[in-house]
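Novice: Here's the letter readout for the chains.
Protein chains: 6
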Amino acid sequence: MRITRRETFNAAHRLFRPDWDDQKNLEVFGKCSNPKWHGHNYTLYVTVEGDVDPSTGFVLNLKTLSQIIDKHVTDKLDHRNINLEVDFMKDKLASTENLAIGIWEQLEGHVLGLGARLYCVKLIETENNYVEYYGPTK
Amino acid sequence: MRITRRETFNAAHRLFRPDWDDQKNLEVFGKCSNPKWHGHNYTLYVTVEGDVDPSTGFVLNLKTLSQIIDKHVTDKLDHRNINLEVDFMKDKLASTENLAIGIWEQLEGHVLGLGARLYCVKLIETENNYVEYYGPTK
Amino acid sequence: MRITRRETFNAAHRLFRPDWDDQKNLEVFGKCSNPKWHGHNYTLYVTVEGDVDPSTGFVLNLKTLSQIIDKHVTDKLDHRNINLEVDFMKDKLASTENLAIGIWEQLEGHVLGLGARLYCVKLIETENNYVEYYGPTK
Amino acid sequence: MRITRRETFNAAHRLFRPDWDDQKNLEVFGKCSNPKWHGHNYTLYVTVEGDVDPSTGFVLNLKTLSQIIDKHVTDKLDHRNINLEVDFMKDKLASTENLAIGIWEQLEGHVLGLGARLYCVKLIETENNYVEYYGPTK
Amino acid sequence: MRITRRETFNAAHRLFRPDWDDQKNLEVFGKCSNPKWHGHNYTLYVTVEGDVDPSTGFVLNLKTLSQIIDKHVTDKLDHRNINLEVDFMKDKLASTENLAIGIWEQLEGHVLGLGARLYCVKLIETENNYVEYYGPTK
Amino acid sequence: MRITRRETFNAAHRLFRPDWDDQKNLEVFGKCSNPKWHGHNYTLYVTVEGDVDPSTGFVLNLKTLSQIIDKHVTDKLDHRNINLEVDFMKDKLASTENLAIGIWEQLEGHVLGLGARLYCVKLIETENNYVEYYGPTK
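Protein chains in written order, with the working numbering: chain A, 1190 to 1327; chain B, 1190 to 1327; chain C, 1190 to 1327; chain D, 1190 to 1327; chain E, 1190 to 1327; chain F, 1190 to 1327.
Please note: incorrect hints may appear among the correct ones.
Because identical chains cannot be distinguished in the list, a pair is counted as satisfied if it fits within a single copy or across any two copies.
Below 30 angstroms or equal to it, Euclidean Cα-Cα: the simulated BS3-like pairs (lysine-lysine) are [to be verified]:
no., residue 1, residue 2
1, Lys1252, Lys1279
2, Lys1213, Lys1252
3, Lys1281, Lys1213
4, Lys1265, Lys1220
Don't read these hints as lab results, they were simulated from the structure.
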């Protein structure tokens, strides 16, 4: 059984490498490399997998899962600059892929602590673009 | 090839165990245990898997699938009280997880009768919460 | 300028008149009169109208509006039985129309207190049905 | 007859007044005042009003309207910093209200040039917040 | 009080004038003039206005409104060719504007017969384009 | 890591076999066999799978993927008649299943050329019906 919690946050970011100049960043990353930033309303779907606990009918309590996501992910990202202000994205390219990996790493241990396994982090950047990360071994 | 049919229904329910008192139910299930019920607009996605029939271009006829879902699932749930009025949920905790399992059991044989395999029952309870059930052996 | 805040809640209800028997209620209200209740995920859009305050660029602070809606509307309705547990719906038919009027009456004075005018209460009951109420004089 | 075109863009912004310090900005604007910016996926609905031209069946050609919105609004805002890079928002508080007024002013004359009247600029900042502006005289 | 019913249908159509050749049609209508047709999933919102009947809490019974829309609009349009098969669109340009006017004319009398007034026909052709028609006198 | 691009197109089609008469086609395909065509707004989700390139933070550049989808899929389908005008659907039943397979075959090689693997083609025909194709070997 898989169960999914949706959360939302919005943030500013920029795709660029500090070892490249603005021109090179523009060639590779296009308008996403704008030095004065841009931003998105991100939608995050966290899917966990586990057995149904017969005493509650739950894989886990979604309220608890939501609190864990808020504490370790959303509160760190919401209304923030991903490049400058998010500890788990420090020194990383602020792509949607890397952000999904970072979110996975923030959550994996805490989900295990709830007796379930993190299955997928789906991160929607715009209505046209999203990524899904299933962990390092898949 | 997988093909999916969406159906909707709305229903009342309550999360509680009759062997617990209201206080204990409230601790575990929160406001979902309200003794006077609450309810949802549920959205159900039924995904079946099979080969494409070269004579029709179909895995199966979605109209037939829709009729089967209506007869065995939606008609039993729509505008009903899941705890009190749904035969296949009798004596079960009315969690989204258990409801998805119940819907799977209602549909599995009928989908096989159409020459396809039931692959996934996805049940959306609110815009923030949903479950996916892939059957007892996965 | 009009500004709108979306809120959500879910609740159980039943359409029926206590002075009619179940048969008569069924004829008029159909399956919405189910004596054992059903329920919905309601989506509420509260639109207020006013001038833009040049010192803030706001008609009003949406965070304050959201807190007022939570206190006077959502907290009273969420995970509740509209017929049995909501003070401002007591002795009223629990139709979407009457619920929208009730929500208007809950909010109108508080919005005035923020220096704006309540313009519209839009209440979506299902993806196919919604009502809009613009107040008693329109 | 009213006809509406939807366009999307994403941008960074910050709510703050340069004549207030960060503490005062934080009190009034909350986390929206973050000095390192945040951002949104904005959805813009431009509604124009006019008679149906019997020779085409159109109020106006939506392709032309879309090109005008792109040139005068979306191209100036998309992947930009609203506070720093958008000419028509210079020296204004970057609230959704002021952005909607700015978009109206960008478009009003051009829509008249197409033989129709600009009726409404609706700007959705998040799934929970949006504004509608109907022009200075309404 | 205004109450709205959503219905959906899908249909083929073509924008063209028979008194123009294909080249002239292409110049004016672009790829929408493709002689071999194209099509859409249309979403229709029918809004009616009236007083709340104190004996039912309804402006009108939405089930009845839905049946009227099905009989006079949806059944005539669904899975049809708007140019060739829809009686109320005969000899008209199959634009969204004209289709909305045609739907209004199909429904206006029947809504009056229910004791309410037709207020708006909103017709969504794509996620980016829609029209709203409020009747001939507005 | 999987990354997904959404694209949209609209088209006319008809479900029928030329070796069956209209009556037989009607029995099997229902109103989808209407000889004068009908149509849809299709939504296409193309998911590709690959490793994250450490020099860009990308699996691949979504702008490039979008251009490939436009050239090989969307431009051939948008505002077209699937039965009559689309080279890769020639002599095939125009079902959603076959269209998804055709789109897969159009894209598979080009995605490999970008250093990634095509993982899934999801094609939504209506809000109630969609198919997912994972390639010939799964």
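Novice: Are the hints correct? Go through all of them and say.
Specialist: Hints versus structure:
In this homomeric assembly, Lys1252 and Lys1279 come within 30 angstroms of each other (Cα to Cα) both inside a single copy, at 29 angstroms, and across copies, at 26 angstroms. Taking CA atoms no more than 30 angstroms apart as the test, Lys1213 paired with Lys1252 passes between copies only; the shortest distance there is 17 angstroms, against 45 angstroms inside one copy. For the homomeric pair Lys1281 and Lys1213, the shortest alpha-carbon distance inside one copy (18 angstroms) is at most 30 angstroms, but the shortest distance between copies (33 angstroms) is not. In this homomeric assembly, Lys1265 and Lys1220 come within 30 angstroms of each other (Cα to Cα) both inside a single copy, at 25 angstroms, and across copies, at 12 angstroms.
Checked against the numbered hints given earlier, this structure breaks none of them.
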